[in-house]
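K.L.:
Line by line, the protein sequences are chains A and B.
Residues 1 to 174 (the numbering used here) are what the first sequence spells out, left to right.
Residues 1001 to 1287 (the numbering used here) are what the second sequence spells out, left to right.
Any given hint could be a false lead.
Said to hold, decoys possible - Residues from chain B that keep clear of chain A, each with C-beta distances beyond 12 Å, as calculated: (1) F1022; (2) K1038; (3) Q1046; (4) E1070; (5) T1106; (6) N1114; (7) V1125; (8) N1127; (9) Y1224; (10) G1234; (11) G1252; (12) T1259; (13) Q1278.
As the list claims (entries may be wrong) - What follows is a list of derived Cβ distance ranges for each label pair: (14) B:S1031 - A:N128: 27 to 33 Å; (15) B:G1240 - A:L12: 40 to 46 Å; (16) A:V7 - B:F1022: 23 to 29 Å; (17) B:N1096 - A:N128: 40 to 46 Å; (18) A:S2 - B:K1141: 32 to 38 Å; (19) B:K1145 - A:M165: 48 to 54 Å; (20) A:L12 - B:T1227: 40 to 46 Å.
Source of the hints: derived by calculation from the structure; they are not laboratory data.
Remember, it's a predicted structure, so these values are computed and weren't measured experimentally.
All C-beta atoms in this analysis are idealised placements derived from N, C-alpha and C, irrespective of residue type, glycine included.
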Amino acid sequence: MSMNRIVLIMLLVFLIEGTVMPWIIPGSFGSRIIPHFIFVIVIFSGLYGTRHQALFLGAGFGLLQDIVYYGHMIGAQFFVMGLLGYLTGMLLERKRVTIMMALTVVGFGCILYDSALFSIYKVFQITNASYAWALIHHILPSLFLQLGFTLAAYVPVRRMFESRMHQTPDNEAD
Amino acid sequence: MRNKRLFMLMVGLMICIAVIGFSLSDRKELSWPEKFVKDTTSYVQQWFYKPAGYIAGLFRDLRELRVLYEENEQLRLTAAAYTRDKIHYNFVQKENERLKEALHFTEQQKQMYNYNYLIAQVVSVSNDANNRTININLGSKHGVKTNMAVITTKGLIGLVSSVSELTSTVTPITELNETSPTFNSISVTIEGRENESFGILSSYDKETGRLIMTKIPETDKMEYGDTVITSGLGYVYPRGLRVGTVETKQVGDFGLTYTATVEMAADLNQLTEVFVVQVPEVEDEPQ
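Take these sequences, add in the hints, and give me the full structure.
P.N.:
So, in structure tokens, the structure goes:
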């Protein structure tokens, strides 16, 4: 699958994440269960694609999200998503990753991602909540949604990135 | 190889901190690439948000059929009260206009509280737990400016934080924070005692889910269950917008003033239509 198709699909996911998901999640949980589907796909691209691809997809979509939902600052999502995508790729790019392994990586990735974002906002004194509260309030509940999405999207997303790898096996520097 | 990687990481980190620092500062306007990206994304997003809302609303309507009767009863009572008050209001307004005329109010003073309500559709909701912004489909083309208040039929939900041509971003009042460099405080008062009560909504306690109102004078007769409205002092935010109800009141940090917690009237989840309150242009008055 070409890079254009991947970006197009991710754009669609990005749109759904901000528009349809708030309606699917029950109203009383609106601030507790928060979708990070783009981030999950970035992790997949690190696992089944290349680390550079994960870096660019993460940074690009992070920046898009930063700009579209610009409230306090630009750059937090850009940095965290790009970095975590790259780190996943660096650690597990060449390994054979099973579904259990993928679930574990996505789980840890999501906790790390939310914690990193929280600490950035904490450092710039934009939030005054404590980390323990944030963990119970939204990081752990959102994790389950992300794991559910991982299970549902595992096969198509893996195929999406792997078919690209087979097409261009020695194309490292994209 | 490893050094190069580390170097790139450092450069990335530096760029990020620079961008964050830049965007945290008090920016008057967005740059054109930001506006372009925001407008195009929001334009597409509005095709998704509304239909999803309709479908979700259909199910909710079915569930709420039972409470409809009760709601109708209440609405009938309110309508009756409204017709009574309307007559009274008309008299008072006439009187007020006559007095303003007699006191030679300037045109600007007369128009000061003549707010215009622009109806807007929500197009998307941010998926960042620390930054719950909402995008709406009105922008600078429609006359929206930063710092305008945004309300629902139930009460105040937030302030416009950035504007592009066709869309604008609303930062909800749950992001209020005294220490935050990006958000101002809102002065409020109590409905029914507008001239006697005073307080400042300075932050939102995320852990208890309540707004915190500070700097309440010792002599204030604020009570539990009082309705909190914006006071419009300072002429940045409009007056008379409902915020919530007072829940508790205790002595503040230094013992000189009181602090109260306020329960928000509006629900921020699953919004569809919101109103942007347009304050009439205030020109510099010749002294």
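K.L.:
With respect to the beta-carbon atoms only, verify the hint that G1240 of chain B and L12 of chain A lie 40 to 46 Å apart.
P.N.:
43 Å, holds
K.L.:
Is G1234 of chain B truly not at the interface, in the sense that its beta carbon sits beyond 12 Å from all beta carbons of chain A?
P.N.:
Label holds. Min Cβ-Cβ 22 Å, cutoff 12 Å.
K.L.:
Beyond 12 Å on every Cβ pair: is that true for F1022 of chain B relative to chain A?
P.N.:
Given that some Cβ of chain A is not farther than 12 Å from that of F1022 of chain B, nearest at about 8 Å, it is violated.
K.L.:
Indicate whether the distance between the beta carbons of N1096 of chain B and N128 of chain A respects the range 40 to 46 Å.
P.N.:
43 Å, holds
K.L.:
Would you check whether the claim that G1252 of chain B is not at the interface survives, using Cβ distances to chain A and the 12 Å cut-off?
P.N.:
The claim holds: G1252 of chain B sits with its nearest Cβ about 17 Å from chain A, beyond 12 Å.
K.L.:
Quick check: does the Cβ-Cβ distance between K1145 of chain B and M165 of chain A fall within 48 to 54 Å?
P.N.:
Holds, at about 49 Å.
K.L.:
Does the Cβ distance between L12 of chain A and T1227 of chain B fall inside 40 to 46 Å?
P.N.:
Between L12 of chain A and T1227 of chain B, where Cβ atoms are some 44 Å apart, the hint holds.
K.L.:
Once the closest CB in chain A is found, is it more than 12 Å from V1125 of chain B?
P.N.:
5 Å, violated
K.L.:
At 12 Å, judged by beta carbons, does T1259 of chain B keep clear of chain A as stated?
P.N.:
Holds, since 15 Å exceeds 12 Å.
K.L.:
Is 23 to 29 Å respected by the C-beta to C-beta distance linking V7 of chain A and F1022 of chain B?
P.N.:
Cβ of V7 of chain A to Cβ of F1022 of chain B: about 27 Å, so the range 23 to 29 Å holds.
K.L.:
Evaluate the condition: distance from the CB of Q1046 of chain B to the nearest CB of chain A exceeds 12 Å.
P.N.:
Per Cβ check, Q1046 of chain B is inside 12 Å of chain A; nearest 8 Å; violated.
K.L.:
According to the definition I'm using, a residue is off the interface if its beta carbon is farther than 12 Å from all beta carbons of the partner; does K1038 of chain B meet that for chain A?
P.N.:
Non-interface label on K1038 of chain B violated, nearest chain A Cβ at 6 Å vs cutoff 12 Å.
Checked against the numbered hints given earlier, the structure breaks hints 1, 2, 3, 7 and 8 and satisfies all the rest.
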